[in-house]
Each structure stands twice: as structure tokens, then as C-alpha cells.
Amino acid sequence: MSGRPPFSKEVAIVGIGQTAYGKALPGTAWDLALEAILAALADAGLEPRDVDGICRFAPPFEPVSEPQLVRALGIPELRFFAESPLGGEALGAVLAHAAAAVTAGLARTVVVYRALSQSRGGRFGRADGRGPGGAGSGGAGADVVVPEEDNRSFAWPYGLMSPGQLFALWARRYAIVHGLTDEDLTRALGSIAITQRRYANNNPNAMMRDRKMGWDDYRRARMISEPLRLFDLCLENDGACAYVVTSAEVARTLRDDPVFVLSATQTLSPYREPMGIYVTGELLELFPPAAAERLFAEAGVGRGDIDVAEFYDATSYMPLRSLESYGFVPDGQAWRYVAEAGTGPDSPLPVNTHGGHLSEAYLHGMNGVLEAVRQLRGTAFNQVANAEIALVGAPAGSAMILAR
Amino acid sequence: MAVVPGMTELTAPYWEAAREKRLVVQECQSCGQVWHPPLPRCPHCHAADPGWRPVRGDGTVYTYTVVRHPTHYAFADAIPYVLAIVELAEGPRLVTAITGVPPEQVRAGQPVRAVFREVADGVTLPYFEPAPRDTEHGG
Chain X
1 MSGRPPFSKE VAIVGIGQTA YGKALPGTAW DLALEAILAA LADAGLEPRD VDGICRFAPP
61 FEPVSEPQLV RALGIPELRF FAESPLGGEA LGAVLAHAAA AVTAGLARTV VVYRALSQSR
121 GGRFGRADGR GPGGAGSGGA GADVVVPEED NRSFAWPYGL MSPGQLFALW ARRYAIVHGL
181 TDEDLTRALG SIAITQRRYA NNNPNAMMRD RKMGWDDYRR ARMISEPLRL FDLCLENDGA
241 CAYVVTSAEV ARTLRDDPVF VLSATQTLSP YREPMGIYVT GELLELFPPA AAERLFAEAG
301 VGRGDIDVAE FYDATSYMPL RSLESYGFVP DGQAWRYVAE AGTGPDSPLP VNTHGGHLSE
361 AYLHGMNGVL EAVRQLRGTA FNQVANAEIA LVGAPAGSAM ILAR
Chain A
1001 MAVVPGMTEL TAPYWEAARE KRLVVQECQS CGQVWHPPLP RCPHCHAADP GWRPVRGDGT
1061 VYTYTVVRHP THYAFADAIP YVLAIVELAE GPRLVTAITG VPPEQVRAGQ PVRAVFREVA
1121 DGVTLPYFEP APRDTEHGG
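Protein chains in written order, with our numbering: chain X, 1 to 404; chain A, 1001 to 1139.
Heads up, a few of these hints could be off.
[What the hints assert, rightly or not] Within a straight-line C-alpha distance of at most 25 angstroms, the following computed SDA-like cross-link-like pairs (lysine to any residue) qualify:
1) A/1021 x X/147
2) X/23 x X/145
3) X/23 x A/1021
4) X/9 x X/248
5) A/1021 x X/143
6) A/1021 x X/208
7) A/1021 x X/345
8) X/23 x A/1073
9) A/1021 x X/211
10) X/23 x X/208
11) X/23 x A/1068
12) X/9 x X/100
13) X/212 x X/341
14) X/23 x A/1070
15) X/23 x X/210
The set of hints was computed from the structure by calculation and includes no laboratory data.
Working from the sequences, and respecting the hints, build out all of it.
Structure (C-alpha cells):
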């Protein structure tokens, strides 16, 4: 790293908003995006006319466009808007872009959002015509032709088509490299899934708030793609999240508890895109160690300073490996760590305190950002006492460190 | 009905070789590096016009998963099936499926060799099955 850190508390999140989360909500993704953004602006004490920047997940993931929002919200003029590709890899990127725009003076008030209607737009767990990026056949009995896009044509013809299958390959590789038995891996993944369910049981917003889950429930659930069982996989749902970014100077005039951005990162290396095919390098190194070092160095904090972590969890394997790849637990030891110390309220590092994608809802990591903000404001349902610094991270090196 | 690869100028030589039951990877005509899947230029020395070279089709299982829930109707009758990443003896890895062995007998590091199966008219995919020596030793 050269020079001063890029953000160093000069930028803050001043508003958060969300819709309800559910299997089939009445509105379109557009409706949901508007509801979440208006809630975030109201939370910040701002009006749509104050917005001059938007950062979002790129299509095909984010279905609601900037022109749709400008029209429907009556935003007079956007002077900065940017899109970040590669799904969950956008999670840290959208904040990095928003914060960079604010510090560069390209925008003053930036909205970041993610809206999802899987009930209308297709389920991420389907790779055929029932999925948003799926490939259906041209007619009864016709072959399905996979375009040569992100190397999909070298994977889909074998039936490697969904995130759950890809992440099963990661999880199996972890067991291979570190010599885990099937039971070792089951205990590790189950510890994460069950702990997150307990958090969700205490979170009124969580889709699984009323659904208890113990070890018998977890183990008896059907295998989807070994070693991943049903409850190792995230929910599929509708909903939207939004937050508002502005300068620290403006933030202090709006509220007395802004959440400051210490660092925000994105990263991309060959064959390291999160939904790619992993033909070079060690599969476990999907989070490049250099990116984790940059995240902490730019924030000016160490691992021991993090009070709570919200890890992207399309599957239970990802928080497990994230504990290692972000440097909280040595490589190859997280499976034992989560089974012994755990990730619950009294553990050294509470993880996914809202229930995560497994048990609150799936919002491409954005609900984890909102949870981190609540934790730092002291308003979370599973509040970590005196939480001052939080990490939100996807497994492929897209992350942020926030502080109150 | 099958799920078949769309072919481009860049990728067609790979699939045309597979149709002839040959496995090939790209090779730089300048620095000799090999890689897969195909790229317009050598990623090491950036020379244009990479060539193709045959590989033996021997490799080992790098990681795998037994799929028990189909996510595409084309695979509804195929479950359970074994997806794998196989590391070729020559170095490159590729995504494939393991055939010719019960799913519960697939294991990491297992020696495998390429076999070819026509999945649609004129479309052949390379799959992998346990190498004969491995089978002799009890699978």
C-alpha cells in the first residue's frame, strides 16, 4: 500500500432501509427497490431530491435500473452512477465506488441498493428457464445450447450449473486439503447453519424466525450436492435492501450515530471470479491473501479489533473458509474452531448475527451490511455488546470494514 | 435432449477434437506453455495464435461433488451424478463428470482417464472414469 488510506472515516453510511423478506412478496423488484430506498432515505433524514449518485450490482443480477429509479423517485439529476459485476463480488465494490465518488467530489449523496424478486424473476437455484440466468431449450426435446460466456460452455454441459454445486466443490476441496472426515465436515458446516438459525429465531425480520433447527433436523435434511445438505444452502426469496452514503461532514449534521467506512475493497485475479471455473491455483485461495491484508491495512485495524463479522453465506461453507481467509483463524483450523468455539453470541467473533443468507434472507450480502450498521448503532436484535468495528465480507475478496 | 456447448471460432477446435475422441489443450507456439480453457493469446508471453496439442487424457480427481438434486430439467434423470475438477497429467485442470463407477466410490486424488460420450448429434463430451490400474487395485 502506498500513501494514505483511501477512506479513513471520511465517508459514512447514514441511512439503511429494507422491505420485508418473503418467498413471494406482492410487489415487483422495482416496487421493492423503491420501498427500501425510501426507507433508507427517511432513516437518514434525506429526500429523494438530495440523491445525486447511485451504485448498484450490475445486471443480470440487479434487475432495477438507474433510469427506473430516477423516474420513479423524481431525482432531479444523477451525476455519478456505477455498476459492479460478478454477483457477490459486487458487495464491497458498490460501497468502494460510492465512497470513492464522495471523497472525489463526484457525488454528495449516493444510494446503494439491491432488489430481488425470485418469485417473479426466477430462482437462483434453477439453471433452466426457471432461473434468471438460466438456459432453457428452444422447444420440446430440443438441445440446450450454452453460450461461451465466462467459460460456462465448459461447465454447464456436465450439469455444473448452480452456485450450490460450485460451492460443494469448494467444500469438498477443503476437506481434501485438510484431511477432514465426512463427520468433521458435517460438524463444521452444521455448527454454522445451526448457530445462524438461532440468531434468526431472535430476529423478527428473518424468514426462519419461527423455525427451530437442531442437529437432528440438520443431519436428516436431504443432500443437495454432497457434502452440502438442504440447510447448508441459502434461502431463495424476494426483498430489497438499500443504504445511503455521504461524507462524514454531512453525516454528522444528519445524525449522531453515523457508521464510518474504514475500508472497502474489490479484487479480481485470473479464474478467481466467484462463479467461475477453477482451472488454476489452489481452489481454497478464492480470497487472495493480499486482498485481506489490503482491507485491514487500509482500515488501520487488526483482526482482534473486529467485534462482529457478517460473512457472505450462499452456503455454510463460506463463513467457515472466510474465518481463515480474512485471517481470524489459521488456515485449516476453522472447521475445528467453529465446532468448539463457535460463532454464536458468546464466541470470540459472533458471525452472521442476523441469521445470514441461510436463515434471515438472501439479498446478495446487502442484508449483512444493514446488520453491521445496526450492530454499530447498537440497535441489532442480537446485539453484540459495545460493538465498535464490524467486517462484512464475501469469500472472493469483496469486503468492507465499518466503525461507529 | 442434452445441454451442449455453444461453439465459437476459439472453442470449436476443442469440441471437434472431442468428437474424434481426442483431448486437446491450447499450447503457446512461442513459449510452449499449455492452458485450458482456450484464450485468444498466450496468458504468459502474450503471443498471438496459440496452437493445440493433444494430451494423454490421464489425470487425477482434484475435487468432486455428488449431485443429488437437479437444477436443470435436462439432468433430472441423471441424478445422482458426479461433477469433478480433474487435473491432467500435463497440468491444466478441467470441469468434467466422473462415469463408470458408483458415486460413493469416487475419491480425491483418484487416477482417472478420459472417455468420450456422444451426448447429442455431432456433440461429444470428454468424461473421466477410473484408470484401469486403479480398478485392478480394488477401486
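Going through the numbered hints above, which ones does this structure break? Give me the numbers in ascending order.
Of the numbered hints, 2, 3, 6, 7, 9 do not hold.
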